[in-house]
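Student: Residue strings, one per chain:
Protein chains: 2
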Amino acid sequence: MTYCVAVRVDQGLVMLSDTRTNAGMDNIARFRKSFTYLVEGERAITLLCSGNLSITQGVKATLSKAIKDAKLDPDIETILNCSTMHRVAQIVGDAMRAMQTRYRESIEMGGSGASASIMIAGQRRGGKPRLYLVYSAGNFIEATEDTPFFQIGEHKYGKPILDRIITRDTTLEDATKAVLVSMDSTLRSNLSVGMPLDLTVIPTDRFDFRVRTRIEADNEEFAMISQGWSAALRKGFEDLPNVLD
Amino acid sequence: MTYCVAVRVDQGLVMLSDTRTNAGMDNIARFRKSFTYLVEGERAITLLCSGNLSITQGVKATLSKAIKDAKLDPDIETILNCSTMHRVAQIVGDAMRAMQTRYRESIEMGGSGASASIMIAGQRRGGKPRLYLVYSAGNFIEATEDTPFFQIGEHKYGKPILDRIITRDTTLEDATKAVLVSMDSTLRSNLSVGMPLDLTVIPTDRFDFRVRTRIEADNEEFAMISQGWSAALRKGFEDLPNVLD
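These protein sequence lines map, in sequence, to chains A and B.
14 is the number that full-length UniProt numbering gives to position 14 of the first sequence; each next residue is one higher, with no gaps.
160 is the number that full-length UniProt numbering gives to position 160 of the second sequence; each next residue is one higher, with no gaps.
Because the hints were derived from the structure by calculation, they are not lab data.
The beta-carbon is built from N, C-alpha and C at its ideal position, and this holds for glycine as well.
Heads up, a few of these hints could be off.
[Said to hold, decoys possible] Here chain A is said to cover these stretches of chain B; the calculated rule only asks that three of the stretch's residues, wherever they fall, bring their Cβ under 8 angstroms from a Cβ of chain A:
no., segment
1, 38 to 47
2, 54 to 67
3, 148 to 161
4, 220 to 226
5, 234 to 241
[Said to hold, decoys possible] Away from chain A, derived, C-beta distances all over 10 angstroms, residues of chain B:
no., residue
6, 72
7, 101
8, 106
9, 113
10, 114
11, 137
[Said to hold, decoys possible] What the simulated footprint calls covered on chain A by chain B, stretch by stretch (three residues with Cβ under 8 angstroms from a Cβ of chain B suffice, anywhere in the stretch; the number is not a length):
no., segment
12, 167 to 176
13, 234 to 240
Please model the complete structure; the sequences and the hints are all you need to start from.
Tutor: Here it is as structure tokens:
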């Protein structure tokens, strides 16, 4: 399982992912699901991947190959030189569709699932911060003011806090706290979502990362969030009125 | 969809269910999912049903028929005269298996699901408070000290608060608050779970209900819980430390 969450507020973009993958309960490994791309001062992009790992790694390899090839032949279009974030989503979607066309049938014949999804968060100079969700078929949707966040993977445990907190006016600081609380609830309830975490923050019109860090299991700030939230829930619960006579 | 939750603590049993059923998003109705059985001073039992409605109604009809027939022939075994709560679970499980044997194949041929599950909470004089979960196959499990609550239906949104609060030492008052908070989180996040709610509380060694009530959408106490919890979460969130520099 996986839990990835991405938030788009007026002040920018916040992305958080776990690192646990599993093929059955007895086959658990750690893989990065968050990947960053930077052209300093021009564009900053984070991809968050979930679903069949061979598919999402294949998509990433396709994107990387194009970036490498474009160094020799600048006419090759890549997510680092294309004209818009919308075009980035199309390029990722095309790579996804190519991987699905190539492998889906044989993966499913083997009894596994080939589904995958990728979130794309970023901004390029001249455009606005954008957040897209690319599906297995290569089609995609964009986050809007009505739905300022996307989740992929094990989304239910961590959704209530996002529903309550996140609006377009939420500060980057609060959006970061909210995704950490959301992840904390998910970690507590689903064993197949696990530390460490990868956090990235892209402030609006900075075209760079403010945060691009791995949060390890012994991270003190995350422990403060986790314990503080536990204590707040317990205190809040105690303060609720008693409804039995 | 459905959300039912039942808790067994040392002080007794607390059960809560919603009343919304749906066959697709455009076919929503209200059905009671919580049913109580009382032999005053001897046993008190609550059943909570989820899954295919024709199956669970069929199980209930089977139980009721036996209770009616036993008035003429006391040798007929029913959930009201059988010797233990464990035997109650067997009787409910047998009725479930009979319904599944009769209808499952034809229901599934029609493209619908026949799965259903029923929670049984109660105590009879001479025994302890018991909580069982009966599956479609008629087999069942019992809540233990390690797992003092069961949920059926849309369980994820409402599970974190139960995980944090419920232990065998939890008071009936706190267990009741906890199931209401758990339901409130579920109502907010899943449209196919809806008011009104049915709440029952069976204190240990009382062999009667302390609470057996329907909570309507305009219930003031539930509104206080719901609003109080919202305010507590917001306050708790604001008080968390800021992790961005």
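Student: Does the claim that residue 106 of chain B lies off the interface hold, with its Cβ farther than 10 angstroms from every Cβ of chain A?
Tutor: At roughly 29 angstroms from the nearest Cβ of chain A, residue 106 of chain B sits farther out than 10 angstroms, so the non-interface label holds.
Student: Does the no-contact call for residue 113 of chain B survive, Cβ to all of chain A over 10 angstroms?
Tutor: holds (20 angstroms)
Student: Do three or more residues from the segment 54 to 67 of chain B put their C-beta atoms closer than 8 angstroms to C-beta atoms of chain A?
Tutor: Our answer is that it is violated, as 0 residues pass the Cβ test (under 8 angstroms) against chain A, missing three.
Student: Are at least 3 residues of the segment 234 to 241 of chain B within less than 8 angstroms of chain A when you compare beta carbons?
Tutor: That given contact holds, which follows from 7 residues of the segment 234 to 241 of chain B lying within Cβ reach (below 8 angstroms) of chain A.
Student: Verify this for me: three or more residues of the segment 148 to 161 of chain B with a beta carbon less than 8 angstroms from a beta carbon of chain A.
Tutor: Coverage by chain A holds here, the residue count being 5 at a Cβ distance below 8 angstroms.
Student: Measuring Cβ to Cβ, find out whether residue 114 of chain B lies farther than 10 angstroms from everything in chain A.
Tutor: Residue 114 of chain B is indeed farther than 10 angstroms from all Cβ atoms of chain A, at 25 angstroms.
Student: How does the segment 167 to 176 of chain A fare against chain B when you require at least three residues with a CB closer than 8 angstroms, holds or violated?
Tutor: holds (count 4)
Student: Say whether it holds or is violated: residue 137 of chain B keeps its Cβ farther than 10 angstroms from all Cβ of chain A.
Tutor: holds (22 angstroms)
Student: How does the segment 38 to 47 of chain B fare against chain A when you require at least three residues with a CB closer than 8 angstroms, holds or violated?
Tutor: violated (count 0)
Student: According to the definition I'm using, a residue is off the interface if its beta carbon is farther than 10 angstroms from all beta carbons of the partner; does residue 101 of chain B meet that for chain A?
Tutor: holds (30 angstroms)
Student: Is the coverage entry for the segment 220 to 226 of chain B by chain A consistent with the three-residue Cβ rule at 8 angstroms?
Tutor: Holds: 4 residues of the segment 220 to 226 of chain B have a Cβ under 8 angstroms from chain A.
Student: Please verify the coverage claim for the segment 234 to 240 of chain A: does it have three or more residues whose C-beta sits within 8 angstroms of some C-beta in chain B?
Tutor: holds (count 6)
Of the hints listed earlier, those the structure fails to meet are numbers 1 and 2, in rising order.
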